[in-house]
Structure formats: structure tokens, C-alpha cells
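S.K.: Assemble the complex: chain E is given as a structure, and chain G must be docked to it using the hints.
2 protein chains.
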Amino acid sequence: MMIDEFDFIKSVRPNKTHHKDLVMGIGDDAAVYNCKKGAEQIVCADTMVEGIHFTKETMTPFQLGWKVLAANISDVAAMGGKPDYYLVSIAMTKDWLHQAKGIYKGMEALAAQFGMDLIGGDTVSSKHELVLSVTVIGHVVASRASLRNQARPGDAVLVTGTLGDSAAGLALLTKDMAIDDHNDSQYLINKHQLPLPQVTAAEILAEMNERFAVNDISDGIASEANEIAEASQVAIKINYENLPRSQALRHFDSTRQMYFMLNGGEDFQLLITAPRHKVEQLIEHFKGHDLLLTKIGEVTEGEPGVTLEVNGGEERLEKAGYNHFRADEG
Amino acid sequence: MMIDEFDFIKSVRPNKTHHKDLVMGIGDDAAVYNCKKGAEQIVCADTMVEGIHFTKETMTPFQLGWKVLAANISDVAAMGGKPDYYLVSIAMTKDWLHQAKGIYKGMEALAAQFGMDLIGGDTVSSKHELVLSVTVIGHVVASRASLRNQARPGDAVLVTGTLGDSAAGLALLTKDMAIDDHNDSQYLINKHQLPLPQVTAAEILAEMNERFAVNDISDGIASEANEIAEASQVAIKINYENLPRSQALRHFDSTRQMYFMLNGGEDFQLLITAPRHKVEQLIEHFKGHDLLLTKIGEVTEGEPGVTLEVNGGEERLEKAGYNHFRADEG
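Chains as they are written, first to last, in this note's numbering: chain E, 280 to 609; chain G, 280 to 609.
Only chain E is shown next, with the shape it has when bound in the complex:
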């Protein structure tokens, strides 16, 4: 059956909404909603392009939808916030039309976990590739947003979860590498295809009402640690041996483990700096929610930048991650 733009929009329109603050969702020129009392609004946008951020070979439509929304929710979490609404702008070729519903299903599945409503967007055709742009709106208790510029000398550096799993999963998917253990292989692939943003972690941080600098790990901890160091004008020291790694990641040789953990990206874990005397309490709170939080380094005075302590020595940890439009990156 041939479906057109209007059929498609009808097919992805939600038939119920979660938020009572929502005055008008999809179906007018724009969405209208009431702000939560005593809260500030958080908003961010993320775009994924076919052939650049994903291919049909490594991601199903469902996983693609899940992941682009996860990336946005992760940004809201990195501000200490909770996600409320999302808008989806999709530009796609005709051959995507029948599969695109899966993209919305994937977003819906993740959104349902956080009571988020789809409230708008745009559906247009493109001639060559699928481009998916998602905007997420959330909220945080007023003046409790965890900004990158809040790190101070003496703070501890912590990270949620484990690092490098998503990049390892991608390496397995593209068959650049293989490991023998099927369960561990599937574990890593899942981390790449269906990452979970750290919303509960963000809630714990917002409730504690302390000074935290937070960044979510989308490009790799090397990049994100440098961003905090620059924004806060501090030096950060990370101890390589302390970086949390999954059992599954240990199947790879040590060079690859290191690359995945430092530069892999898309883990959507949170990198946090916190006053040193709060670290134990923080780790306890995380344990209470069955969440892993690991101390991996410290903040010091000095030239803004990141130092990695590894093999008894120290080396400068530079920003890495994908740089669009760089000559050597396509």
C-alpha cells in the first residue's frame, strides 16, 4: 500500500499523553505546555545522519530511534534534569517510509520509561539520506543545573557505569573484531544499539543539591574531561587503572580496551566532579539505586587540561572524538 506524508504522520501520532501540564500536543501549529513551578527548562537537540552516525547494517530503525532520543536525554541528565517532551524532525527518502515507523516505536519505548510525550516535529522528504533531528525539553529544580564550569581544585572525579562498551559493540557489529563469548558479545552490542541514559543518576545529583560539574560521555571520556577542565579552568588527573570496565570488555587486548574506554564515545555515562568529602555519601546513594559510581581521579589547580596516569607514568590526554568536516574523516 502506498502511504503519503499525512498517513505517515497519523500513524506515528501518539494516542495518549503522560503530562497533565501539556495544553496542546501534536495537531496545531505548535505545542503548548505549562512550566513546572520552581523549575528551570532544559532544552537540547541532536541529529543523526545515515551513513555518518549509523548504517542500516548496524542499527534497526527501532534502535536508531531509541539511540537518538537516548543521546538527547543524556544531555538533559548531564544538566541534572528530567526529560519531559520531545520533537522529531525527519527528512527521509521514499524507501524509508515503511521502516520509519520503527524509528518512532524505538523512541516511544524509551520515552515511556521516563513518561515523555512526543509533542511535535516535521516530516519531509529527502533525496539521498535519512536525517533525524530530535529536540528534547526537560526541567530541573531552579538553580540546581549541574554545569560544566563547576569543577574546583580538590574535587574528586567520578564516572557512572562502565566505559567503552558501546564502541566495543560497534567494533563487533562491523566485524572489525570478534570475541568468543556469545553472551558478552551480545552485551556489548546491546550497549551500542540500546544505550540507557543516566536519568536516575541525574536525579540523585539534583536531590543532593551540591556543587557538581557534569558532562555526559558522548565522544569519549578524553573529550568530556577536557571540556570540564576548559569550562572550569582547572586541571584534571585521571588514573587509568581506576576506569570502570565491564567483564565483556576484557576480551579485547589492552590497547583496544584503552582506546574504547578513553575515546570510544556513545556510552552516555555521566562524568562528574564532586567535593571530595561528598564522595562516599554519593557512592552510597548510587549503590542504593543499584547504580555503579567509580572514583577515577581528581581536580587540581593548573593549566586547563587532562592528565592520564598510566603504567606508572603520566601523559597528556587530548580531546578526541569524531570531528565532522576534518580532512581525514571523510
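Hints in this document: simulated from the structure, not taken from any laboratory.
It is possible that some hints are incorrect.
The list treats identical chains as interchangeable, and a pair is accepted whether it falls inside one copy or across any two copies.
[As the list claims (entries may be wrong)] In the DSBU-like style, the derived pairs of lysine-lysine whose C-alpha atoms are separated by at most 35 angstroms in a straight line are:
#	residue 1	residue 2
1	Lys598	Lys299
2	Lys289	Lys598
3	Lys598	Lys295
4	Lys384	Lys566
5	Lys295	Lys516
6	Lys315	Lys574
7	Lys373	Lys598
8	Lys566	Lys598
9	Lys289	Lys516
10	Lys574	Lys289
11	Lys598	Lys454
12	Lys516	Lys598
13	Lys289	Lys315
14	Lys299	Lys380
M.R.: Below, chain G alone, put in the same frame as chain E:
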């Protein structure tokens, strides 16, 4: 000089902001801002694709930026709101990199008229075409949003400005047609390339605090009138002779004038239904702001739909406008 993603982002980052409610703009994981007291939030998104919505032949980068932001601001105006913030997600090929700054300049020029701040987005590469997705956030006094479902039998139907100018401008640009008068030609081309959204009109409506149904004209009045009729479950009658047309449009033959006015789209005027006894006052208010408002028809009971009175007869006015993914539209 070779520039990369980070250079580019730096080059388009605003160096001042207008809103004191803005806690954090560009430069962290997400933007953070305070809601205005007593206001509801309005949010919408619009996407333009190279080769579908525009070509380099008919739009400069500056005009493209201006226009995609104008389309979004128009949606906010159609809710009776004022625009505050915008986010820009751009997926582009390398050859766009040096021209893309012009896109942001065009948005900035229009945004400055309304004191809007650029607060986020995403910059990524694509392999084939430019895809520009813009999200706009605005506000409206609580419970004064002008929804499409507010038309009632007995209301008058009104429209701001003149109709069909943008479509006529496009016809001139693509050289499908030509007119002799250079000034009138340039007037129409300007209406296509640098349309002005009706923010002041929206303010007048919100201040009057009456029951208005409003829709902005992006696909052509035939489509938008049908949308109001369907949402409000009413019949709408439009008198063709009353449709406001510019002097410049009269250079075209009557068939083309009609097509441009009814189906042209991208005029970003507002289609309004209002209680009949408020019409005179409304038109006076508009005059006071040097704005044209014209009564073009009425709302009646009956099967939801639109009737056009033309040449002494009546005909059904069907939804038209561009339908992405329709077999006959590429």
C-alpha cells in the same frame, strides 16, 4: 583555510544574548532558562531540505536561514505567542561549510527583530544534501493560545496581509514566468526570499483576549482553512473576490493569481476566525499598527470543509499544498 566542526561552531556562536531569563545558552550539554511567570511555553520545529524546499539558485544562504526561522516564528505567532529562543540542527556536505555561516547570519538578522537567542543545536556532516532543522520556543499568556479548534458558526474569517506573493516570487525566480515591472517583480521575490512572520498581529490577538482560531499560511489558504474547519468541526465559506492581493500580483493572468492565492503557500500570513461583533475593532487595532487585516468569509454550521464563492457560484475548496512522498511529487 580549512575549517572544521569546532571552528565552525565557534564562528556561529552568539557573543551576546538578549534574554535575562537565560541561565545557560550554548556551551554546555543543554540550554537552561527560566519560564516567564504566568506564561505557557510554545514549541515547534521545521525542516528544510536542499533540492526539496529550496535550491542554491533561488535562495542565498542568508535567505535560507531567514526563511526557515521565519516559518517557525510564524507557527509561534499562529498560537498567539512571542518567540524567545531557537535551536539549529544542520547536516551539511563539506562544500556548504564556508557558506553555512550565511545561514546563521540570516537567522540572526530575523531573530534580532524579536530579541530571540540562539541557544543550541547540532552541527554534523552529511554526504549529499543540506538538511536544516530549526526548533523555536516562545511563550503566550496562560490560556490565551489561539488554537485551531476555536472557530464557531457565526464567526468571521479574516486574513492578514496579502496572499500569493511568495509563490509568485518563486515563479519569477525559477523563470517559469516573468513580468515587465521590475519593482513589482523584486517585491514578489522579496516576499519569497525574506518573508516576515506576523508576530505583531499575534500580539494584538493575545492582548484582546477573545476566542480566536488561528492558523498560519504555510501551504496555502485552501489547506489552512480546511485545517481550521476540521479541528473546529465547522464549515467555512470564503469569498474569492475579497481575498487581499498585492498590486504586484495583478500582473499575472487571473488563473495564476487564483492558484497563487489559494494554493501558493509560504506567505506566513495568519488566517483568523473571530466573533463577528469583534471584527471592526480588530481591523482598527491592526490599522493602528499599520497592518492589513481583511474579512474574507464566514464560519457556518455544516459538514467540516471549505466552500469558495467565485464567479457567482460556489465550489468545494480542497486541501492542497505539497505532500511529501506522494507518487506524483517526486
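S.K.: Should lysine 566 paired with lysine 598 be assigned to within, between, both, or neither, using CA atoms and 35 angstroms as the limit?
M.R.: within (31 angstroms within a copy, 58 angstroms between copies)
S.K.: Under a CA distance limit of 35 angstroms, which applies to lysine 574 and lysine 289: within one copy, between copies, both, or neither?
M.R.: between (48 angstroms within a copy, 33 angstroms between copies)
S.K.: At 35 angstroms max between alpha carbons, let me know whether lysine 516 reaches lysine 598 within a copy, between copies, both or neither.
M.R.: Classified as within: same-chain Cα gap 14 angstroms, cross-chain 62 angstroms, threshold 35 angstroms.
S.K.: When no copy is specified for lysine 598 and lysine 295, does a C-alpha distance of 35 angstroms or less occur within a copy, between copies, both, or neither?
M.R.: between (43 angstroms within a copy, 27 angstroms between copies)
S.K.: Between copies, within a copy, both or neither: which fits lysine 289 and lysine 315 at Cα up to 35 angstroms?
M.R.: both (29 angstroms within a copy, 33 angstroms between copies)
S.K.: With identical chains, the pair lysine 289 and lysine 516 could be close in the same copy or across copies; at 35 angstroms between alpha carbons, which is it: within, between, both, or neither?
M.R.: between (52 angstroms within a copy, 27 angstroms between copies)
S.K.: Indicate which option fits the pair lysine 384, lysine 566 if close means a Cα-Cα distance not exceeding 35 angstroms: within, between, both or neither.
M.R.: Cα proximity of lysine 384 and lysine 566: one copy only (32 angstroms, versus 49 angstroms across).
S.K.: My question is about lysine 289 and lysine 598: at a cut-off of 35 angstroms on alpha-carbon distance, are they close within one copy, between copies, both, or neither?
M.R.: Between copies, since 16 angstroms is at most 35 angstroms while 44 angstroms is not.
S.K.: As a check of your reading, is lysine 295 near lysine 516 (CA-CA no more than 35 angstroms) within one copy, between copies, both or neither?
M.R.: For lysine 295 and lysine 516, only the inter-copy Cα distance (33 angstroms) is at most 35 angstroms; the intra-copy one is 48 angstroms.
S.K.: Have a look at lysine 315 and lysine 574 and pick one of within, between, both or neither, based on CA distance no larger than 35 angstroms.
M.R.: within (34 angstroms within a copy, 39 angstroms between copies)
S.K.: Given identical chains, is lysine 598 near lysine 454, meaning Cα to Cα at most 35 angstroms, within a copy, between copies, both, or neither?
M.R.: Within one copy, since 27 angstroms is at most 35 angstroms while 50 angstroms is not.
S.K.: Checking lysine 299 and lysine 380: alpha-carbon separation at most 35 angstroms within a copy, between copies, both or neither?
M.R.: within (26 angstroms within a copy, 40 angstroms between copies)
Hint check: no violations occur; every hint is consistent with the structure.
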